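Asks: All chains, full assembly: derive it from the sequences and hints.
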Amino acid sequence: MSQEYRGVWVFLERRGDEVIEPSLEVLGKARELADRYGDNVAGVLMGAKNLEIQAETAIKYGADVVYIVEDPLLEDYSTIPYSEALSRLVKKYKPNIMLYPATRNGRDLAGRISAKLGLGLSANTVWLDIVGDGVLLAGVPGFGGGIMAVTKCLTKPQMSTVRPGAFSKPRLNPMREGRIEKVDVGKLPDPPTKTIEKVFFTVEDISKAEAIVIAGIGVRENIEAVKKLSEKMNWAFGATRPLSDEGLVPRDIFVGATGKVVKPKIALIVGASGAAHFISGVAGAEKIISINIDPEAPIHSYSDYSVVGDAYKIIPKLLQRLEAERR
Amino acid sequence: MMHIVVCMKVTPKSEQVKLDPNTKTIIREGVENEINPADKNALEAALQLKDKHGCKVTVIGMGPPMWEPYMKLAVTMGADDAILISDRAFAGADTLATSRTLAAAIKKLGEYDLILCGEESSDAGTGHVPPSIAEFLNIPQITFVNNIEIIEGKIRAKRVLEGGYEVLECAPPVLLSVEYGCNTPRFPDFRRKRWVDKEFKLKIWSIGELQLSNEEVGLKGSRSIVEELREMKLGERARQKISGTEDEIVEQILNIIRPYIKK
Ligand SMILES: Cc1cc2nc3c(=O)[nH]c(=O)nc-3n(C[C@H](O)[C@H](O)[C@H](O)COP(=O)(O)OP(=O)(O)OC[C@H]3O[C@@H](n4cnc5c(N)ncnc54)[C@H](O)[C@@H]3O)c2cc1C
Ligand SMILES: Nc1ncnc2c1ncn2[C@@H]1O[C@H](COP(=O)(O)O)[C@@H](O)[C@H]1O
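Chains as they are written, first to last, in the working numbering: chain A, 23 to 349; chain B, -14 to 248.
Treat the hints as calculated values from the structure; they're not laboratory data.
Check each hint, because a few of them may be wrong.
Computed Cβ-Cβ distance ranges for the label pairs, DEER-style [what the hints assert, rightly or not]: (1) B/E96 / A/S323: 47 to 55 Å; (2) A/D316 / B/V16: 16 to 24 Å; (3) B/V211 / A/R110: 29 to 37 Å; (4) B/P54 / A/N72: 51 to 59 Å; (5) A/Y334 / B/R177: 36 to 44 Å.
Under the rule of at most 27 Å between Cα atoms (straight-line distance), these lysine-lysine pairs were calculated in the DSS-like manner [to be verified]: (6) A/K138 / B/K139; (7) A/K230 / B/K248; (8) A/K174 / B/K3; (9) A/K174 / B/K9; (10) B/K248 / A/K250; (11) A/K138 / B/K205; (12) A/K230 / B/K247; (13) A/K138 / B/K92; (14) A/K309 / A/K285; (15) B/K247 / A/K191; (16) A/K216 / B/K37; (17) A/K191 / B/K218; (18) A/K309 / B/K218; (19) A/K285 / B/K218; (20) B/K226 / A/K335; (21) B/K205 / A/K113; (22) A/K339 / B/K248; (23) B/K226 / A/K339; (24) B/K3 / A/K309; (25) B/K41 / A/K216; (26) A/K216 / B/K35; (27) A/K116 / B/K205.
All of these numbers come straight from a predicted model, not from anything done at the bench.
We put the CB at the ideal spot given by N, CA and C, even for glycine.
Replies: What follows is the structure, given as C-alpha cells:
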C-alpha cells in the first residue's frame, strides 16, 4: 500500500466551543467508509486556542487522529485564513478523501480549496460509497433532488461536501481513543474582510422532529392558524422557502434542498405545491398528509393521504375539533 | 463608476426534468429553460446598485449558443452589456473547469469591482463555482449574501448562516454569491427591448479569446466526472384521496393524526 494519499479526512466545523452536528454526521460516515477499505479517519479542527476538548469529542465519535491548527486568525470561520491553513495541511499529509459538511461555511471553504489545489469536488452529496482500494463514489442530487449523479473525482484527495441530514450522527463511544496532533502551518494571511456584526439566534431544530406541520405559500394569509395547529398538537412547525424569503417565518424553519431535511413519523403539509426543491427535504417522512386546493398540484402524488380542499376552511375546523377534544 | 460583473447561467425548469429510464440520460425535449433563479436575484441586486450608484453592469455566461435570448433578456432588464462564452471545447465542464473559464473571461474584461453570482444553480446546485472563481482571480469572497451596500467605496454584505448572519465589509474587488429569493427581479423594460432587438449585439467569445488551453477547459479540464445518473425516488406514497364534506374531511384527518398527538 502506498504511503501517499491515505486517510479519510473530515473538516470539523465549529460554532463557538462545539463541533456542529453536520460535521459529526460526516465523521460517522467517514468512519464507515474508512473501515470498508482499512484506512484511518482524521478530523481537522481549527481555531484560536483550547481545542483539545472538541478534539476528544471527535475521537469519541469516530476519529483516529485529530489535527489541530491554532491561530488567532482562525477564531471564527473566515475564507482566506481557513482555506490557506487547510490547503497547507492537505499538501503536507496528502489524505485520500477530504469531506466537508455542506453547510454554508463548508461549501465556501471547499470551493476555494478545489480551485487552490486544482482538485475535483462533488457537491452536496447524499450518498457515498467506496469501490476498490479507496475510490470514492459520491451521489450528487440534481434538479432539486429528482435525479442523482454518481460522480468520481480524478484527483486526490477526492473531495466532497456532504448534505446535512443525509447521514445520521454516530453514537458517542466514551471508550474510544485516538491521537491529537497540533500542527504548525506557518504564518497565515489576514482576512481581507472585516466583521461588522455577527448574530446567532437560538432556534428550535426542526430536523429532529417526530411530527411536523409545514405551511406553504398557499396559506400565506393565515400562517398563524397553521402555527397554532402545530402548537395544539405539540408538533414542530416548518415552512416552504418562499415564506421565509418573504420574511413571514424565520429562515431556519424552511424545509427542502437548501433548507432543513426532516424525517418525521408524520408531516402535515398545507398550501405547498410540492416542488422538487421542497420535496427532497421531506421525502424521508414516514407518512405525509397534505391539503392543497389545486387537484393538479404535484404534492398530491407525494402524499400518503391528500385532501383537495381549501386550507382556510379546513384548518379552523381542525383547530375547533382539537380544542373540543381537549375538554 | 463601479463595474459589476454578473455570472449568469441558464437552467432547465427542475420540475420538468425527467430521466429516460432506458438510456439513463436526461430528457431535454420539451423542457423549458429559464435564467437560473438565484442568478436573476444576483442580476436584480446588481441593477439596484446601478440605480442607486450608477454602476456599469456586465453579464457573462458560459454555455451553448441557445442561451443567447436569455443573455439578451438580462440586457433588456437593465444590464449594460452581455457576453456569452461559448465553444465546443467548454462542453462537459465540472465546477473547477467552469470557474477557471469564467475567471479567465472576467480577467479579459479588465477592470471590475464586484462580481455577483447566484448562491447555487438549480440544476447542479453546488454553490462551489463562486468561491472557485474568487480563488482563480485571487480576490476575496462573501457567499450567501442577501443584502449589499456600497459605503464610502467599500462593499458591505449581509451573509446568511445557519441560525444567524454576519455582516462583512471588504474593499473591492470582491466576489459575492447572492441568495435565491432575496429580492424581486424586475420585469424587462419595453423601451430597452426595442433597442436590444434592433441594435444590441451579444458578444460571443470562443476559447481563442481566452488565455486558456484546450486541456484546461470542458471535460478535459475537469477533475470530477459523472459515472451514471440515477432517478431518486422522492417517495413512493399511498396517494389515498380524502374526500367528503369539510366536516367529514376533518374527521378523517383527525383519525390519521390522532396517534401522533402528544398531550
Ligand atoms: C436553487 C433553489 C433552491 C430552492 N430551495 C428550496 C427549499 O429548500 N425549500 C423550498 O420549499 N423551496 C425551495 N425552492 C423553491 C421551490 O422551487 C418552490 O418555488 C417552492 O417550494 C414553492 O413553495 P410553495 O409550495 O409554498 O409555493 P407555491 O408553489 O406557490 O404553491 C402554493 C400552493 O398552495 C396552494 N394553495 C393556494 N391557496 C390554497 C388554499 N386556500 N388552500 C390550500 N392550498 C392552497 C396552491 O394550489 C399551490 O399549489 C428552491 C428553488 C431554487 C431555484
Ligand atoms: N456556466 C456558467 N455560466 C455563468 N455563471 C455560472 C455558470 N455556472 C455557474 N455559474 C455561477 O455560479 C453560481 C453557482 O453555481 P453552481 O456552483 O453551479 O451551483 C451560479 O448561480 C452562477 O452565478
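Asks: Using the Cβ atoms, figure out if B/E96 sits within 47 to 55 Å of A/S323.
Replies: At 52 Å between Cβs, range holds.
Asks: Going straight from one Cα to the other, do B/K247 and A/K191 come out at no more than 27 Å?
Replies: holds, 26 Å
Asks: Check whether the Cα positions of B/K41 and A/K216 lie no farther apart than 27 Å.
Replies: holds, 26 Å
Asks: Assess, step by step, whether the Cα of A/K138 is no farther than 27 Å from the Cα of B/K92, and give holds or violated.
Replies: holds, 17 Å
Asks: With a cut-off of 27 Å on the C-alpha distance, tell me whether B/K248 and A/K250 pass.
Replies: holds, 15 Å
Asks: Quickly compare the C-alpha distance for A/K230 and B/K248 to 27 Å and report which way the hint goes.
Replies: Cα-Cα ~19 Å, so holds.
Asks: So the hint says 16 to 24 Å: do the beta-carbon atoms of A/D316 and B/V16 match that?
Replies: holds, 22 Å
Asks: Need the status of pair B/K205, A/K113: alpha-carbon distance at most 27 Å?
Replies: Within the cut-off at roughly 24 Å; holds.
Asks: Next pair to validate is A/K216 with B/K35; report whether the Cα-Cα distance is within 27 Å.
Replies: holds, 24 Å
Asks: With a cut-off of 27 Å on the C-alpha distance, tell me whether A/K138 and B/K139 pass.
Replies: holds, 26 Å
Asks: Indicate whether the distance between the beta carbons of A/Y334 and B/R177 respects the range 36 to 44 Å.
Replies: About 41 Å separates the Cβ atoms of A/Y334 and B/R177, which means 36 to 44 Å holds.
Asks: Within a Cα-Cα threshold of 27 Å, do A/K285 and B/K218 meet the stated pairing?
Replies: holds, 15 Å
Hint violations for this structure: none, all hints satisfied.
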